[in-house]
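Trainee: One-letter residues, chain by chain:
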Amino acid sequence: MRAGWSSVGRRALFALITILVAISLNFVLFRLAPGDRTSALRCQGCTQEFKAQVRAEFGLDKSVPEQYLVYVKETATGNLGRSFVTQQPVLAELWKPIRNTIPMVLLGTLFAISLGLTLGVVSAWRRGTITDRASVWSGLLLYSLPTQWLALMLIFYAAGPLGLPTSDIADPYLAYENPGWWPELVDRLEHMVLPAATIGLVLFGEYTLITRSSMLESLGEDYILTARAKGLSNWQIVRRHALRNSLLPIVTLIFLSLGFILGGAILIETVFNYPGIGLQLYESVSERDYPMLQGGFLILTVSVILMNFIADVLYFRLDPRVTE
Amino acid sequence: MSPQELAEPVVPATADTRRRIPLWGFLKGHPQAAIGAAILVVFALVAILGPWLAPYGPREQVGPIFGTPSNPHPLGLDDAGIDILSLLIYGARITLIVGFAGALVAVVVGGTIGIVSGYFGGRIDNLLMRITDYFLVIPDLVLLIVVASIWGRSLRNIIIIIGLVYWTFMARLIRSQVKVVRERAYVKRAQALGASHVRIITRHVLPQVLPLILAQTVLMVALAIFLETAISFLGLGDPNAPSWGRMIENAFDRSAISYGAWWAIVPPGLAVAIVIMAFNMLGTAAEDALNPRLKVSHLLRRHFRMRPLPDREGPR
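Note that the protein sequences, when read in sequence, are chains A and B. For the first sequence, position 275 (counting from the first letter as 1) is numbered 275 according to our numbering, and the numbering increases by one without interruption. For the second sequence, position 315 (counting from the first letter as 1) is numbered 315 according to our numbering, and the numbering increases by one without interruption.
The set of hints was computed from the structure by calculation and includes no laboratory data. We treat Cβ as the ideally placed atom computed from N, Cα and C, and that holds for glycine. Please note: incorrect hints may appear among the correct ones.
Now the in silico label distances, taken between C-beta atoms and shown as ranges [unchecked claim]:
id, chain 1, residue 1, chain 2, residue 2, range
1, B, Ile97, A, Leu306, 34 to 42 Å
2, A, Leu16, B, Arg123, 18 to 26 Å
3, B, Leu214, A, Gln88, 46 to 54 Å
With the hints as extra help, turn the sequences into a complete structure.
Mentor: Structure follows, in structure tokens:
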């Protein structure tokens, strides 16, 4: 166990260093753009005062190393600059869309986990049967579909028959009626269904295929033969021996993908006009709002790093053999 | 015999060290790969012969806006009255070029880093792998929109960005393979004979990892095409290159949904899906054939009876 904790410490250190590197890369990446942050970057509608303020905040009149130090200090204190468009602090501007994205992503992931895991286990168990083939092919197909296209297809063919809204996060007229929290919640959920379903379907293919191959690998191990020799039933073998061991890579995978989906939701949120972090970044791109882009990029990178860290720690917890 | 002994096949010391890749036999043995390859050949032909196959030009207005599919235009018309079948045919070339070129950048960069890292080991390895680790955690789609919006919209930039995002997978994989090859007896022998690093890498290491690189390249092309459609959809694609990704973006942008013009969206998406699936089928089959550890054919259907695994590696 001590070896395990020291690896967790090492992982934590690595995560911390990676975050620092991310902050630095962010600095370099945005300095590659021509001009300074207020002139060439099309800060339309910015007043001279605002430009001067931005320059002062990040010390743009100073040398590059000094600028870097100022930037690191500002970032460490949570000041990611001000949006060119709204002229409000970036962190506050990004927090609201992130809050919108998280439940949607979680709903989709939950959908993918429950369905993908079940189908993966079943198809590994019944290897070679029609069920197996069907789930492998549907997994492969869903894995191959462009995300944005799948979302558009859902709008075309699922939204109408199911009577689901295809845009925005809530019915704008509902607020005037003041119907209480229950209809509002239902309304929110209805708006969340299609984007979440898209995420779920995209991930579902991946989870099914990986659960299946992970299960197949476990089922080929010697301890399964032992379990079988002991006379355990198929169900017991699958649940207590095979699934338990094959869950390791799956749990890691889920956490790894969680970090990425937050950023990957860009495409889905664009299609559904869902006001999450992805749509915010998309709009920042078209408005050339660099402080917002920079802040969003940093936050998403950090969230991936954190998810990686959690995945690593979980791996140590779940598998006592792993000591690196 | 212990599993370890079985894992290390005895390489006959013949003069001919070049190994032919038995392509025909491979396709015959893997129907999945054969189907994938056949689909890709068709699409490649379409891409090459595009200008001769397409009934209309890619910028030629031939009918009303969002004209419905009809006899002269089997897939209908887009928001500018351009024939969608023609656009699809012209788009094949651009999409495939971006896919292959992006994968090539990723493979060359990742392969070089992987080989150098795995072959030399030590400090170089450590440094390179830390860099790789870092790139692995960057959310790729976000990096891509940031870089694309800073560098500007062009096909060349998209190709470089795809390479930038995907080289890490390649580097990791090749490195671990090279580490195995490096310990083989014939490499040690070549070292003892005083062969230079360049010679050992090009004559002994590279031929061993080349099949795996090829299999990975195929899978990488699928990823690259996927990424191209994503970049294009976010409005960061090359405005002068009508790729399939741009077709989807264009249809969405010009509200094909409210027109109910499914024919503007379904065909390019299906084309992307079919091509990606074909690359995946070919790539995974090749990977399975090359990396027997992933092979699961020792499992009998419905029963958990199995044969011992001869190809198991030592403790990881």
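Trainee: Indicate, hint by hint, whether the structure satisfies it.
Mentor: Structure-based check of all given hints:
1. B/Ile97 - A/Leu306: 34 to 42 Å: 38 Å, holds
2. A/Leu16 - B/Arg123: 18 to 26 Å: 22 Å, holds
3. B/Leu214 - A/Gln88: 46 to 54 Å: 51 Å, holds
Checked against the numbered hints above, the structure breaks none of them.
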